[in-house]
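Number of protein chains: 2
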Amino acid sequence: MFTSIGLVAAALTTFSFLPQAIKVIKTQDTSSLSLGMYIMFTLGVACWLIYGLGIRDIALIGANLITFVFAVIILTVKVINVRKGIDPIK
Amino acid sequence: MFTSIGLVAAALTTFSFLPQAIKVIKTQDTSSLSLGMYIMFTLGVACWLIYGLGIRDIALIGANLITFVFAVIILTVKVINVRKGIDPIK
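Going down the list, the sequences are from chains A and B.
Each residue of the first sequence is one higher than the one before, counting from 775 in this note's numbering.
Each residue of the second sequence is one higher than the one before, counting from 775 in this note's numbering.
One chain only, chain A, in its complex shape (with noise of 0.2 Å):
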């Protein structure tokens, strides 16, 4: 029963950051986005893949591999945007 709902938890916050990479990557527009929190988000995604590597928890290496790709393409798009001056720096 718990386990269920910790996989549909997991699904869902994986997965939630595609519509996000989708938006930014159609329209370009990053404006309100925060540059901090993607920046933060990425590190600890990165933080949990490593975690995950050093604990051999395959689910915790999959999720966070995923959610990873998305995050960056979001930070990606962001900084180019602040680098441009479209996008404030906060």
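Treat the hints with care, since some could be wrong.
Listed next, the stretches of chain A that the computed footprint assigns to chain B, with coverage defined by at least 3 CB atoms under 8 Å from CB atoms of chain B [stated by the list, open to error]: (1) 775-783; (2) 795-808; (3) 824-838.
Okay, the calculated beta carbon distance ranges per label pair [said to hold, decoys possible]: (4) B/GLY859 x A/ASP831: 42 to 48 Å; (5) A/SER778 x B/ILE799: 21 to 27 Å; (6) A/VAL782 x B/ASP803: 29 to 35 Å; (7) B/VAL846 x A/GLY828: 18 to 24 Å; (8) B/PHE776 x A/ILE854: 29 to 35 Å.
Heads up, simulated BS3-like pairs for lysine-lysine below, C-alpha to C-alpha not over 27 Å straight-line [unchecked claim]: (9) B/LYS858 x B/LYS800; (10) A/LYS858 x B/LYS800; (11) A/LYS858 x A/LYS800; (12) A/LYS858 x B/LYS858; (13) A/LYS800 x B/LYS800.
FYI, nobody ran anything at the bench for these hints, they're computed from the structure.
Ideal Cβ placement from N, Cα and C applies to all residues, glycine included.
Once you've looked at the hints, dock chain B against the given chain A.
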């Protein structure tokens, strides 16, 4: 060693939503935030909370309770902006 990486990971991913919540409150701008993302993410974090309560894992409960607060703030402003017609539904 790996435990400390796990703690850093948890802290980073949990508190990464704080700068986004602050930005949203300050600017009220949610135009480039994905509604789909925040619906899925908030539901996912709620599931993590239920899962954490189910297996009585204090770290899981604490981290997801904090993230839930930030996610609800961001989602609320986004939904208000969509209902007002300021933001597109996608």
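These are the hints, each one checked on the structure:
1. Counting residues of the stretch 775-783 of chain A whose beta carbon lies closer than 8 Å to any beta carbon of chain B gives 6, which reaches the threshold of three, so the coverage claim holds.
2. Interface restraint, the stretch 795-808 of chain A with chain B: holds (10 residues with C-beta to C-beta distance below 8 Å; minimum three).
3. Residues of the stretch 824-838 of chain A with a Cβ under 8 Å from some Cβ of chain B number 4, which satisfies the need for three, so the listed coverage holds.
4. With their beta carbons about 45 Å apart, B/GLY859 and A/ASP831 fall inside the hinted range of 42 to 48 Å.
5. Take A/SER778 and B/ILE799: their Cβ atoms lie about 35 Å apart, and the range 21 to 27 Å is violated.
6. The hinted range of 29 to 35 Å is satisfied by A/VAL782 and B/ASP803, whose Cβ atoms lie roughly 31 Å apart.
7. The hinted range of 18 to 24 Å is not satisfied by B/VAL846 and A/GLY828, whose Cβ atoms lie roughly 32 Å apart.
8. For B/PHE776 and A/ILE854, the Cβ-Cβ distance of about 34 Å falls inside the hinted range of 29 to 35 Å, so the restraint holds.
9. Between B/LYS858 and B/LYS800, the direct Cα distance comes to roughly 18 Å. Compliance with the 27 Å bound is thereby established for this hinted pair.
10. Using a Cα cut-off of 27 Å, the hinted pair A/LYS858 and B/LYS800 holds, with the two alpha carbons roughly 23 Å apart.
11. Taking the CA atoms of A/LYS858 and A/LYS800, the gap is about 18 Å. The hint holds against a cut of 27 Å.
12. Distance hint between A/LYS858 and B/LYS858 is unfulfilled; the C-alpha atoms sit about 31 Å from each other, more than 27 Å.
13. Taken as a hint, the A/LYS800 and B/LYS800 pair is honoured in the structure, with Cα atoms around 26 Å apart against an allowance of 27 Å.
In this structure, the hints that do not hold are numbers 5, 7 and 12, in rising order.
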